Amino acid sequence: MNAPPIDYAVHAPQAFQHLLNLSMGLHKGPLGHKLVELVSLRISQINGCVYCLDMHATALRKAGMDQRKLDTLAAWRESPLFDDRERAALGWAEALNAIGTTPVPDGALDALRPHFDEREISELSFTAAMINAWNMLNVGLHRPLPIAA
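For the sequence shown, the residue numbers in the numbering used here are 1 to 149.
Source of the hints: derived by calculation from the structure; they are not laboratory data.
Among the hints, erroneous ones may be present.
[What the hints assert, rightly or not] With beta-carbon atoms standing in for the labels, derived distance ranges:
#	residue 1	residue 2	range
1	M24	G107	12 to 22 Å
2	H33	D84	18 to 28 Å
3	P80	A111	35 to 45 Å
4	P80	L141	35 to 45 Å
5	A75	A12	29 to 39 Å
6	A148	G64	13 to 23 Å
7	T72	A111	17 to 27 Å
8	G48	S125	19 to 29 Å
[As the list claims (entries may be wrong)] Using 20 Å as the maximum straight-line C-alpha spacing, the simulated EDC-like pairs for lysine to aspartate or glutamate come out as follows:
#	residue 1	residue 2
9	K69	E94
10	K34	D66
11	K28	E118
12	K28	D117
13	K34	D54
14	K62	E86
15	K34	D110
Since we're looking at a predicted model, the values are computed, not measured.
The beta carbon of each residue, even a glycine, is placed where N, CA and C say it ideally should be.
Could you build the full structure based on these sequences and the hints that come with them?
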């Protein structure tokens, strides 16, 4: 990473605030804080956003998520630590995250319906879109990993 970081919060404060408000609203919505964080962490793993990986893993630990669950998130399909609702959410978020190269599989939306109502599916979709926006900003504009306290 040779280019110096750009502080988007300073240079585009209104856009930053709108995205931040979306994030905060999703955390207070029907999905719950832990599921929004879990989806955010998984998509950040896929997208390679070190800033978001640190932030969401820390938030999940503070919320009481078991460390083994965090450690096995990258292999959630094989891990027995994730419940059916989490698996459905992670699968949907991954499918949305890949739409640039792979169409959302037939039946993917129907697979969510036993676990989520239409409001929750909508908010889950917004969560995937929101974390992608943060990942693009942080990776593209070289937001550094915060100094550990």
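Structure-based check of all given hints:
no. : hint                   : result
1   : M24 / G107: 12 to 22 Å : violated, 33 Å
2   : H33 / D84: 18 to 28 Å  : holds, 19 Å
3   : P80 / A111: 35 to 45 Å : violated, 19 Å
4   : P80 / L141: 35 to 45 Å : holds, 38 Å
5   : A75 / A12: 29 to 39 Å  : holds, 36 Å
6   : A148 / G64: 13 to 23 Å : holds, 21 Å
7   : T72 / A111: 17 to 27 Å : holds, 21 Å
8   : G48 / S125: 19 to 29 Å : holds, 22 Å
9   : K69 / E94              : holds, 18 Å
10  : K34 / D66              : holds, 11 Å
11  : K28 / E118             : holds, 17 Å
12  : K28 / D117             : holds, 16 Å
13  : K34 / D54              : holds, 15 Å
14  : K62 / E86              : holds, 19 Å
15  : K34 / D110             : violated, 23 Å
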